[in-house]
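Chemist: First to last, the protein sequences are chains A and B.
For the record, in the first sequence the residue sitting at position 349 is 349 according to my numbering, with numbers rising by one throughout.
For the record, in the second sequence the residue sitting at position 442 is 442 according to my numbering, with numbers rising by one throughout.
Certain hints may be false.
Computed beta-carbon distance windows for the label pairs [unchecked claim]:
id	chain 1	residue 1	chain 2	residue 2	range
1	A	THR108	B	ASP104	32 to 42 Å
2	B	LEU178	A	THR428	37 to 47 Å
3	B	ASP104	A	VAL409	24 to 34 Å
4	A	ILE336	B	THR301	28 to 38 Å
To be clear, the hints were calculated from the coordinates, so they are not data collected in a lab.
For glycine and all other residues, C-beta sits at the position ideal for the given N, C-alpha and C.
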Amino acid sequence: MPDSFSPPGNVGDFTDQQRTGWSELIDHWVSSRVASLTDDNGQPVAFFNERLTPVPPDAAEAAIDWDAFPLTLKVGYDTDGARQESGRLLSVAGSYGLQRLYENVDGTPQPIELSYRNQDEYCEWQPTVDAATGEMRRVAFTCEGPEYWEFIASGSDAFRETDNGGNETWSASTSVAADPSMLLDRYRRFAGPEVKLDDLFHGNDIVAQDQGRWVRVFAKGAYNPYNKWNTTDGVVHMTHPANLLRAEIDLAGTATVPRADSHGQPITGTTQFVCCSGFGSATRSSDPTIGATVNSLVRQHLSLTLRDPVGVYMKTINYGAFEGPHGEDGTAYWRIVRGQEGMILRAEFAVPDGAGYPLSAVLVAGEPLRSGAQVAEQIRMSLYGRAYDFGQGLPPTRPCVTHCCTSQVNRNLLQVLDGTTSCDTLNTPGETWEESFPELTAAAIDSLADSRVGDTEPLLRRPTRRGRLV
Amino acid sequence: MGEPSTVDEPLFAASDIQGNVAPGFATEEQRLVGLRFKDPADVPAARLLLAQLLPSVTPMSVVFPARKVRSAVARGHLPVSAVSSEVWLNVALSADALSNLGHDEVARLDKAFEFGMGARSYSLGDPREPTSADGSPNPGHRANWVAGGPGREIHVLLTLAGTDAAAIDTRVGEVLGLEGADRFDVVLDLPGVRRDTEHFGFVDGLSQPGPRGLVPGDEPVPLTTRLLLDLRVGEPELSRPGQPLVWPGQYLLGLPTQLPSDYRTAGPVRPNLPPFAHNGSFLVFRRLRQDVAAFYEDTATLANDLAAKPGFGHITPELLRALIVGRWPSGQPVMRSPYADQPSDEGGREPLNHFQFARAVPAIDLDGRPIAGVGADPSGRVCPVLAHIRKVNPRDLPTDQGAEFRTLTFQMLRRGFSFGPPYDHDNPSGEQNGTERGLAFVSYQASIENQFEILNNKWMNVDGGPQTGGHDLLVGQNSTPGQDRTRTGTLFSDTGQTVVSVMRPWVVPTGGGYFFAPSIASLGALAHGG
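Just need the whole structure built from these sequences, with the hints factored in.
Modeler: What follows is the structure, given as structure tokens:
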């Protein structure tokens, strides 16, 4: 049983106070999810906080693996197309449902582009290209959630929680101050010595027009996770809105709820379970795999938690895939920068100094290296859990809170919608959508009674961060 | 039971599709012959060879009815003389060969095919060291491969099959006597036998996907015989126990593929396919040497060690081997008979596949034959996660690759056969046991990257796929630095669990290649300069 929660990968950045504050945050996130699954009838809940609920040291360890390269792109494109798409930057404005973002410069809106990577399997990467030669020099990979970096940049205040009226509902008892010098130091290590502190924070409010009003999306002085050193010019931590540490905790918790279809039959199919449960995307590799595996363990009467240190990790690399132009062993091209073998948080791929050949001469599975995506294809991810049978039996089965719609144009496309939204709402003149699994939803969807369970809204996209009038 | 639901299933161009892709030759005698052009860019030589082979390439339209005849003979409905003694032939080409013939558009469909098995050997887990610890050439290293390594690449792979080895000999002789034969070398000549039992002593080839689609005739007939089982909507439709029906675009280009949310409806045809590729299929050939003595010695030692551990006293070498394979030598799955090779009294092969892992299967009645149901084993307590049949076909389990429907899309049509003499267990030091033996692994699929290489790289060779719990001890390769190629996995008993590890390879890849088996029309275009 951990006395406290450690930082991901047991990295040693934190001061004692930061460690305490971070532990408190993880503790709160896990406990919040447990509470959200708990009803007033004393029914068993199969998600637990190991700090509060001790289990024997020999409780089963559960590792759940998936591929680092986005499955959504693999099924949507051919290999070259998927690789190209994975290198695209997407608009942050779009992820909020907004047309465009502006920097509010003394009352004058100046258009600004903030972007995130199209890499949604809890692993992101970015090549570094030599400006003079155009040669790729290295590819860096990270699976660090943005929350950790926000915690360094802004301290514990950034994680205060409020209700819709702005009243505080949770804050850490250990107040941790922002640590800009640590932030700058780490950024300079991982993105380059040119990084300046001002680059990492919003210099002005970032605003947008929403339904005819100006709203503030990010406040002046707030940490900017989409800064250039973490997007266009480097990669320090993950940027995709789905790649959140808290999302992983919420997903694991939500997946402990057994679900039944409209006939009362348990839902065991992986895609059906994702479509029903209100977490994640049906076409990602990570969400369905994590959800279905967790739920399968629960159906075996086990309770689950995430193992300390809570994090998402690069677990294994197919080192055999990497080969120099003269048959050299490519293992030496890898450097684990943060974390350790089996729990890698940051790794870099580059030809060692003095090798005498460029990175583009390296072969990945026999193919000359042209993009970081080829390297990512050889990485496997994992999260680690602990499972234990408390003898409490199976939690009550609940009906679906969401459902899936299938595009009739591309039947490989599935979208998860909340229980009250019909597939028809997705229809466009050229494309109709139909219920993917009608048997899941024929009965009333209990969306209101179960809304707490289905709420996996990522922290960085909470309405409170974008809802205020300027 | 239900009526065969063949609505919307495509009608095959049976005279255009090579017959070993579907329904598969499945004759007892088989032979692979690999040809390499002395000048790889000798286009006239390639055209001349293909033009002479073309008339005897055997299509589905010949093989399908002939296999029906063979089935009738096996059931005693027809005399043995009804079986044709004809030698069948199929042809496949490497990416280089196709490119030289002006068709590099096929290589653009599949990275694995484009770069080839030799170039991807290390990523498949094969050893990097060209010499073994004792200084001898390492047979698993691509430089030492029997065929398919550098300088010994196969440009054209011929599959010959029939009931009579002598007739195949004659046919091979004819091929080697063709006009222009002096312009190519034979880099592979691998005769073998398609037996029920492979060299380690286990009944093989029990589990194959069932391609949907109809073979034309007076009355179109399903390619895959349907002994249909009605299961829940949302689960695959089975043609027989353990054989899911799969849309044929997973094996043949240009046909409907499998959908994620609906097993019964035709999915889209792969977009932007060049016309040349239609009705073609990618072929993987891997020459796998089997070390029978090592398999038996190592499992005996390991079983001994295990039996000394608390909770594992019941482990015998026979049980350990069954756990490693997932089946007993008779083919009886551990899922249905966990402790002994108890022959099924239900008869036939169908019971041997009536199991899943994530969910229990109910008792069924198959044409008047009752087949008992069996429980689920989602965590590998009965059939361990490391078991070969579970590693390569996790059936209804969610996997690291996503939802279980995706497992269906990775399955391949396997057409392998054994080569070399059987191992003589009664005379271990006998001369026969000094001869090389193994499996000519042959599979057809629509994508080598997304089928063969997923199973090989993401499942057999790692401990975390399709579930966490170990490498495929039987055929997996661990090339992780610092782990000495040791395969490990977890076994459970009623009271605990233990990790087993194996260092010696029991199966060594000693050659192979990635190929494309074009339609017969496209073979004609190649032969005549189209």
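Chemist: For every hint, state whether the structure bears it out.
Modeler: Cross-check of the supplied hints:
1. A:THR108 x B:ASP104: 32 to 42 Å: violated, 55 Å
2. B:LEU178 x A:THR428: 37 to 47 Å: violated, 58 Å
3. B:ASP104 x A:VAL409: 24 to 34 Å: holds, 31 Å
4. A:ILE336 x B:THR301: 28 to 38 Å: Holds - the Cβ-Cβ distance for ILE336 of chain A and THR301 of chain B, about 35 Å, lies within 28 to 38 Å.
The structure fails hints 1, 2 (numbered hints given earlier, in ascending order).
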